[in-house]
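Chains as they are written, first to last, in the UniProt record's numbering: chain E, 1 to 636; chain R, 1 to 636.
Be careful, since some hints might not be right.
Since the list can't tell identical chains apart, any single copy or any two copies may satisfy a pair.
[What the hints assert, rightly or not] Distance condition first, Cα-Cα at most 35 angstroms in a straight line; then the derived DSBU-like pairs of lysine-lysine: (1) 601 to 563; (2) 545 to 487; (3) 563 to 50; (4) 565 to 601; (5) 432 to 279; (6) 275 to 427; (7) 563 to 490; (8) 544 to 565; (9) 583 to 635; (10) 544 to 487; (11) 50 to 432; (12) 130 to 635; (13) 587 to 549.
Hint data in this document are derived by calculation from the structure and do not stem from the laboratory.
2 protein chains.
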Amino acid sequence: MTHPSHFIELFFAILALVGIWFSISNFSSVKRALIGRPMRTAELHAQHNKLIWYIALPILSADLYSSVAYGPESGITELVKLGNEAKWYIIPITISTVVLLFILIISYIMGILAYPNGGGAYAIAKDNFKQRWVSLIASGSLLVDYILTVAVSVSAALEAIVSAYPIVAPYETVLAILCVFILLMVNLRGIAESAKIFAWPTIGFAACMMILVFTGLFNEVKHGFVQPSTPPFGSVPKGLTILLILKAFSSACSALTGIETISNAVPIFRKPQQKNAIKTYIALGTITSITLLGFAYHLYVRGISPNPNNTMLSQLTEYYFGHGIMYQLIIWFTFIVLILAANSTFTGFSQLAAIVAADGFLPRGLTNRGDRLGYSNGIIVLAATASLLIIAFQAHTNALIPLYAIGVFMSFTVAQFGLMRRWKRVKGPHWKTKLTINTIGAIITTIVALIFAVTKFTSGAWIVLIVIPVLILFSLAIQHHYRDVAKELKIDLKTMRPEANRVITIVLVSGVHRVVQNTLSFATSICQENLLALYVGFDDDSMKKMEAKWEEWGNPCRLVTLKSKYRSVLEPLSRLIHLIEEKEQFKSQIHIVIPQFIPHKWWHNILHNQTALLLRLWLLRHRDVVITTVPYHLKN
Amino acid sequence: MTHPSHFIELFFAILALVGIWFSISNFSSVKRALIGRPMRTAELHAQHNKLIWYIALPILSADLYSSVAYGPESGITELVKLGNEAKWYIIPITISTVVLLFILIISYIMGILAYPNGGGAYAIAKDNFKQRWVSLIASGSLLVDYILTVAVSVSAALEAIVSAYPIVAPYETVLAILCVFILLMVNLRGIAESAKIFAWPTIGFAACMMILVFTGLFNEVKHGFVQPSTPPFGSVPKGLTILLILKAFSSACSALTGIETISNAVPIFRKPQQKNAIKTYIALGTITSITLLGFAYHLYVRGISPNPNNTMLSQLTEYYFGHGIMYQLIIWFTFIVLILAANSTFTGFSQLAAIVAADGFLPRGLTNRGDRLGYSNGIIVLAATASLLIIAFQAHTNALIPLYAIGVFMSFTVAQFGLMRRWKRVKGPHWKTKLTINTIGAIITTIVALIFAVTKFTSGAWIVLIVIPVLILFSLAIQHHYRDVAKELKIDLKTMRPEANRVITIVLVSGVHRVVQNTLSFATSICQENLLALYVGFDDDSMKKMEAKWEEWGNPCRLVTLKSKYRSVLEPLSRLIHLIEEKEQFKSQIHIVIPQFIPHKWWHNILHNQTALLLRLWLLRHRDVVITTVPYHLKN
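Same shape as in the complex, but just chain E (with noise of 0.2 angstroms):
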């Protein structure tokens, strides 16, 4: 009977009751302003129109290609340390990342040909591997993932807008929690991922990053490509190990998260669906390739270092732009597609879990759709975990980063071989060239996978090399409990039917009032027989009293007096329980009936004892009893 677990119950308890609140609060002003008015379950399909291509492209890159405004420069974070004679190595370091991204880009092709109807690597890993863990590896790499996006993209996000206006540097975590906050309250609104408004900022976007691009090759072409700011080509600076190198190779890397987008969001596309999602990967390929390669060698030319307080694509737009119209435009274009880019993975966060929930290995909560029909609990998950993340790590990319990424790639290597064992399968036309590209893939991503987890590990990936397999010995704990629940509940329809019992009522009575009175008319009401008041008395001298006003009341039914050593009702009670449960040996149901006033306002309840309240939860936990509540509604 003993718990050493009570504080960590009492958290569980207070967590609840928050969501209790909300999910009561159904009809309160609050919640309607915050998230808007209830929707109906048929309200659900009439949203999707499918798109062009065109403007599917920029509603669904602004994962990808807002990471365009971090990944370069987490990259020679990595490697300024050695001075300016490091500095050229971002040039091979990002063509790497093209490569890579091209790489990824022709795998996840495949995968659209295979599965046109959409499939993440979870989906992909379900299909082709027998063993549950293989695709919990998919799903939990994944999720964590996304909840890294959103702390990523939120603190590189507030970044920018901290180098146009240092002034509110201090408030940066705050400023972020209040981002997270405002996505968590948008999404619990549900405007769909894939509204049209959502292209423009990421089209804006790309605007600026190619205008910046090409001011930049214009200066070049007048002023010449090397200038006196341009560190040495070619050097290789002291200190420089291999281990370095791949270290920011994998920071770079980072930018490449988001490409799955596209691959699970085929249905969404017109037809021929599978056409237009290719040419999409085509065009987001060709234009963050542009991007990056233009924007890493501007770097390197102008000899930018990065600075925590300035990001770098702060710093090149200054060079080119000074401080003005420009300036502002790229720094708030930036701020919004990265918020984009957060708000986009609400979306896949929530429905992935709510995908691995119905399989049985998160809690069910998460395939509940609320009030918008999204799937809040999902959602409202997301936001407080990147919430912890951002508080934890105050705001900080560069700290995120070695944390990020690292999931996406394992995931990315459970999609390949799923697809691999898929060709090997199915087989069908060209069978044998897209098992080729999904093996190099493979081996490609394996390989970043494992330079993510080697050179990262001391800096935080270990974190998430915890997190992932515990999330997926939880997961399999959870479908094992659900699968014995049941087991546990399942009847014969035939055979096992309800039966009446013997059950044996006790109602608690405080003395003799109009609250007792309602709940004996109705305990009176309910059954006839077996039917007995307590009184627990903290002296003779009260018990003696009770014993004369029910006399005088005319014995409703028979009263038992009890003393309580300990000033609880509690006790006494329990022992009247096991007395009743051996004298009936266990055959018969006891019934407490708890009379619980409801006061008019509020606040008044910590005027009355909650008694019935705490006995209640105790008793529900640890004995076997059916409990029930007379509400008495105190006008007052």
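Given chain E's structure and the hints, the job is docking chain R onto it.
Relative to the frame of chain E, chain R by itself:
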């Protein structure tokens, strides 16, 4: 149905939950380790041994005598900004304080003569004024001041430690909160306030202070009563105003809080009780006066200035004894005595709160004795509010002083006026002398209270002057509520008896499985007619399936299937209740039976819908229905 107060409700619900946890974790090992085994009510009267006066003296004087550690310092802090020339004012100010101390002690001796069974300001006011608000001024101001005593004493205790060990300065607030937490636990364990062990630290502290005073005197005899460091005497510094002097005087009066302790404790003295208590008062007054005057004089001679990181007591000790053993002794005795002062306040606060609550002016929960026979709720409220004050004022004694003492002087005033009325009414031997003494006392405490209110108003006293009236209004509202409820609940035993009613029972079913079978078995045991099962489906398909299954199950009772457009059980159930209420013209009692899973492991709760809990909460608050929970304890 719209509640804008939902957020506040949530806050109170969380508070309640913490309380609930503490209450239901009756057998929890954590609670047992912290506060010990529960004690029987019968153990209550087995603890008091009557005390000889010279043992009672140190036990009861911690609160008053410990104030010498901060009283003179907070007085001179007000003046020191006028420069060195203002320092001599510490002498006249301390003399006035000592004069006031004697007037108060004589007045309180009158109180002992009038109420030999111990009577605080609240009891005196209650006995002598018909107007309830007069006694509520006394109780309200005392309760507020008790809270401040804890905050001020603990802060001052930590300032003593910080003076000796500047390294802990940044952790002052955290350590202060920790001290309050330890005091909370100690008081929930219920160590008797009158334990003789508490005499020693105060004796030790008093001895140290005497040694300090006489060492100073010796030093001055040897090196002259005017030393190079002595500031000029009798000069009037520029900028000195009457207001400033009064402000300094009222700050110094913070040394006078705690006088009431002895008069409240008359019953713990050996016989003749009154005589012994009076002896104690005179001895305490003498020792306190010598200490205050000697301490103030030496501070003046040495020209010591206040320093936020080194108390004046510490500076003086350093000067006479260096950083040796004597210094350590004085610092640690100061610390312990100040903590003891805070400790004795816990008993004072919780007892006064229980007395006022028993009169119906505060929530009745404050009269409950906890497991260890102390008034736990009062103890918890005191610890919580004092902690909030410490956090808000970052454990700075001098920031808290302006809020302090005004309450004490308000209650002193009420007590004096009460005693005046009593002498006029009761008369008795020497009543005219006694009346004169209390009249002088009343006039002086009124003046001092006014000086406090005026001089400290802007630096924080306004908070107290708002809080006390608000507390009084709340108290009156609470009593009003209790009276109304009592009136509403009262019934005529002869005519109003429990009456059986028609009951309509609705069993919520989510399918056909063991939990539903269990629930329906109970429902059929208690009622044969007017029983119906309600199934809420989210789509037509599930509803049809359920109907077929029910048929196959042999139709155990009538099944109603309702569709929820908004994926919630609440709304269709609410509709059904409404319908039945109208059809039955509110003559039958509606009874909802809800199945509830009780998982084997607590963390499994997050894997199951908490619909039962949510429904119960909402229905109890918003509908007049009886709710029965039928638990099903999962084996897995």
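Results of checking the hints against the structure:
1. 601 to 563: both (33 angstroms within a copy, 33 angstroms between copies)
2. 545 to 487: For residue 545 and residue 487, only the inter-copy Cα distance (20 angstroms) is at most 35 angstroms; the intra-copy one is 53 angstroms.
3. 563 to 50: Classified as between: cross-chain Cα gap 31 angstroms, same-chain 73 angstroms, threshold 35 angstroms.
4. 565 to 601: So residue 565 and residue 601 pass the 35 angstroms test inside a copy (34 angstroms) and across (32 angstroms) alike.
5. 432 to 279: within (23 angstroms within a copy, 106 angstroms between copies)
6. 275 to 427: within (20 angstroms within a copy, 107 angstroms between copies)
7. 563 to 490: between (44 angstroms within a copy, 24 angstroms between copies)
8. 544 to 565: within (16 angstroms within a copy, 56 angstroms between copies)
9. 583 to 635: Classified as between; 24 angstroms across copies, 42 angstroms inside a copy.
10. 544 to 487: between (52 angstroms within a copy, 24 angstroms between copies)
11. 50 to 432: Within. Shortest intra-copy distance 33 angstroms satisfies the 35 angstroms Cα cut-off; inter-copy 99 angstroms does not.
12. 130 to 635: This pair counts as between: shortest inter-copy Cα distance 29 angstroms, intra-copy 63 angstroms.
13. 587 to 549: both (33 angstroms within a copy, 29 angstroms between copies)
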